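**Q** Model the full assembly from the supplied sequences, consistent with the hints where possible.
Spelled out from the first residue to the last, the chains are:
There are 2 protein chains.
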Amino acid sequence: MTSNSASEPDLDPENWDEFRADAHQALDDMLGRLESIREGKVWQQAPAEVRAEFARGLPRAPQNLSAVLDVFDQSIVPYSNGNGHPLFMGWVHGAGTPVGMVAEMLAAGLNSNCGGRNHIAIDVERQIVRWAAEMLGFPTESSGVFVTGTSMANFLAVLVARNAALGHDIRKKGLRSAPQLTAYASAQAHGCVIAAVELAGIGSDNLRLIPVDETGRLRIDLLKEAVARDRAQGMQPFLIAGTAGTVNTGAIDDLTALADFARAEKLWFHIDGAFGALCALSPKLRPLIAGLERADSVAFDFHKWAHVPYDAGFLLVRHPEIHHATFAAPMTYLSRAPSGLAAGDTWPCDLGPDLSRGFRALKTWFTFRVFGTDRIGACIEHTCDVAKYLESRLNQSKAYEVCAPVALNIVCFSLTSSSDGEANKRVVMDLHDSGDAAPSITVLNGKPVIRCAIVNHRTTLRDIDTFMDVLDKAAKRAG
Amino acid sequence: MTSNSASEPDLDPENWDEFRADAHQALDDMLGRLESIREGKVWQQAPAEVRAEFARGLPRAPQNLSAVLDVFDQSIVPYSNGNGHPLFMGWVHGAGTPVGMVAEMLAAGLNSNCGGRNHIAIDVERQIVRWAAEMLGFPTESSGVFVTGTSMANFLAVLVARNAALGHDIRKKGLRSAPQLTAYASAQAHGCVIAAVELAGIGSDNLRLIPVDETGRLRIDLLKEAVARDRAQGMQPFLIAGTAGTVNTGAIDDLTALADFARAEKLWFHIDGAFGALCALSPKLRPLIAGLERADSVAFDFHKWAHVPYDAGFLLVRHPEIHHATFAAPMTYLSRAPSGLAAGDTWPCDLGPDLSRGFRALKTWFTFRVFGTDRIGACIEHTCDVAKYLESRLNQSKAYEVCAPVALNIVCFSLTSSSDGEANKRVVMDLHDSGDAAPSITVLNGKPVIRCAIVNHRTTLRDIDTFMDVLDKAAKRAG
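If you read the protein sequences in the order shown, they are chains A and B. The first sequence begins at 1 in our numbering and counts up one residue at a time. The second sequence begins at 1 in our numbering and counts up one residue at a time.
You may find that some hints are simply not true.
Since the list gives no way to pick out one identical chain from another, each pair is judged satisfied if it fits inside one copy or across any two copies.
Unchecked claim - Dumping the calculated DMTMM-like pairs for lysine to aspartate or glutamate here, alpha-carbon to alpha-carbon at most 25 Å:
1. K173 to D205
2. K284 to D12
3. K41 to E14
4. K476 to E401
5. K447 to E293
6. K388 to D10
7. K173 to D230
8. K266 to E321
9. K284 to E8
10. K388 to D213
11. K224 to E49
12. K447 to D350
13. K41 to D12
It should be emphasised that the hints constitute simulated quantities derived from the structure, not laboratory data. Just so you know, these numbers come straight off a predicted model, no measurement behind them.
**A** Right, dumping it as structure tokens:
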């Protein structure tokens, strides 16, 4: 073998001009779709012949990019999630932005691996860590790390809290010889908190789901009783997971009272602030999350209310040394050098289980730099105004009843005629199937109800008028 | 409040034409960089004044996209990771492709949340699951899920194996009342396997790191002894984690022997195939991973040898029901409906801890469709040829000695004159600091050695000639 051997294969374009034309066309098409997104359906079911496209086996042969882009345009774009549309109101989905799309393109072009090492992407991520601390009122030296989403961030927080309670020796010894830990969250906590306690090996039998009051907030009196009971029985309480914005109704726990109690009892105080933490960006909403700045850790998503493209979850931790000691490991091929690419102190891979990590910080950085936090905060505030407007429209009609206080941006309601909630389910399916709007279903007090989470920065008051029209029609059809 | 209220804020461009111009310019600039990537430095240290840019506080005010793009061009692009450059040989980094960049842009434009629900992105991910099964010789009905990377996939595999061993009741009960599990991997296993056992609460004291033979493969005889010893002492062996491609030298365990032993002992057989699993795409390399198709689970990355942009890790599991039962949880707001957006059976959020998840499947789908697996396989094979060529060039010189067999694409070597390896470290730092090439350092038999992992599809035999030139110069400088 010599260095003059025949053609060597690579994965770069054979014809860059042709590639450029295809890439610009793809960009144009997607921008066109975003500009006119309000005019299309929120969602439509992919027909069987489209789904058949995705039943094909492993492709051995190459295909022209332009041909594959055609398949994308015809078989993927029309049947996608729909969360960019102003009448998508299901679950809690961010809408994305064109700015975020450009940033993500650039991140993929750079293709940085942000597990660690001495390159500028790590500086950008560290800047976002400081921005997160500044935004949430945490100390400047707090540590933080991007993850997929809050489900993962909550999981990591449970692992950090586990180490804080049992000592870092637990990494070697395992849980079997340790005291039985117990954790506490509200009965309205997100299911991923339960999953986190399960996956961490603590067992959900040892997570106390404390009942909530009529506003959906964890009852502190019952929490105190539960902790005292567990202590009396020889358990080791270690973690309170407060919620800033429950998924069902947007309720926010009394974070100050939780912080006081956690400090008195020497418990780790984590907050699931998946979307609610970003209330910090609105002067009007910020008082609702008072006490959050006293937490030991906060999990939240930039891809929800800040509309960074999926995924961009984040964990912020007040105690960098505990955070670091939970995850950091000596690996010879990851050893640090005094200079060069292997230089640097704490790397993101020391703060979580990921070693391969995309450049999530870049799309977040572009989003914050281009819009500024005041405008992001104004959009967040506006979604709450839109929710209040929806509530007022529903209250004006005898056909609907609002089922929970509208604390933030989530409106849960029922058809007045639907005592068992079955008609509510039919209305939601009808709206999905027609593609007119996409609220979702949740269960409140045992009854399926219609749930509209106004997250999208594009949703206007006029969109709510449109929603009421299509809702009235669907409600009639649902009988 | 009425629906005629004054201007409502959003995060869409005020001027779409201006935005389009900026976006196309950004695309052009990045494509230009990729086309000429060989001409630039592999890496350069960001100077203090550049890093100061990323010390600024939270931006409250907006800024023009074009101004932010300028900061990106001047302060981020020149100081990025460098893994697209043909002389980046550090660690195991994929190089990315322009096709992957376009796909990631489109994914960000769609902004699908792939936690679940009834939209086409889920169909695309399911297709990739079947492609992975087809590629690796797994049963068609295997389950799989995208995660960040193999570190995370290995962690999930340990959790699945834990449930398989202890029963799904462990989710409620926790580990404290369960038997003590023990796991087995080679002494050359990636550190993330140790971390996974720690994070899963099993404790790394209960992970046996079995010594390797002179080719870097786990010694089966010592494995058998270790399992027998643990059983005799009342432990419950549950998991063997084989390695297909060790990070230090690219060694591949005897997977067939491991599969036989795991079956005989009723142990979960997981394979860390971070990069090695993709040997499956090369007819020449595929025999090296014989036995992989018998594993209970395989973790690997599409972003390494298949050059999908970061991040795109994957876990494939032979037993969908165990996989599902490890993670799936009933949540009322995630309940499934007979039709509409909430329809569908197993969602990705039932197969891992992520609920918010980007559309990693799309960039993988574009990569496989556009290039086809034959060409990806040819590029993988070529990196091994390039490594062999580097080995031959090193062997031709008295200044260097190759320190480990070149099993795949990784070449570890030392300056002949460097008995303690300190000069090796200096050479690597020198190459980084000059920006001429980026190998990394690892430790073999206690000695720091220079390690070149040829992963990049762009690296040619001629690039190796260039590398030898800059290496010789750096070696002289290092004394």
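**Q** If the cutoff is 25 Å on CA atoms, where do K224 and E49 land: within, between, both or neither? Let me know, please.
**A** neither (57 Å within a copy, 52 Å between copies)
**Q** Which holds for K173 with D205 at a C-alpha limit of 25 Å: within a copy, between copies, both or neither?
**A** both (22 Å within a copy, 6 Å between copies)
**Q** Is the C-alpha distance from K41 to E14 at most 25 Å within one copy, between copies, in both cases, or in neither?
**A** between (38 Å within a copy, 23 Å between copies)
**Q** From the Cα coordinates, with 25 Å as the cut-off, is the pair K388 and D10 best called within, between, both, or neither?
**A** between (56 Å within a copy, 18 Å between copies)
**Q** Check K447 against D350 for me: Cα-Cα at most 25 Å, and say if that holds within a copy, between copies, both or neither.
**A** between (45 Å within a copy, 24 Å between copies)
**Q** Could you place K173 and D230 in one of the four classes (within, between, both, neither) given a Cα distance threshold of 25 Å?
**A** both (24 Å within a copy, 16 Å between copies)
**Q** Cα distance capped at 25 Å. Does K388 pair with D213 within a copy, between copies, both, or neither?
**A** within (21 Å within a copy, 69 Å between copies)
**Q** For K284 and D12, with the copy left unspecified, which applies at a CA distance of at most 25 Å: within, between, both, or neither?
**A** between (51 Å within a copy, 23 Å between copies)
**Q** Treating 25 Å as the Cα threshold, decide for K266 and E321: within, between, both or neither.
**A** within (17 Å within a copy, 40 Å between copies)
**Q** Is it within, between, both or neither when you check K476 against E401 at 25 Å Cα-Cα?
**A** within (15 Å within a copy, 81 Å between copies)
**Q** Pop the pair K41 and D12 into one bin, within, between, both or neither, using alpha-carbon distances up to 25 Å.
**A** between (37 Å within a copy, 19 Å between copies)
**Q** Is it within, between, both or neither when you check K447 against E293 at 25 Å Cα-Cα?
**A** For K447 and E293, neither the intra-copy (35 Å) nor the inter-copy (47 Å) Cα distance is at most 25 Å.
In this structure, the earlier hints numbered 5 and 11 are contradicted, and the remaining ones agree with it.
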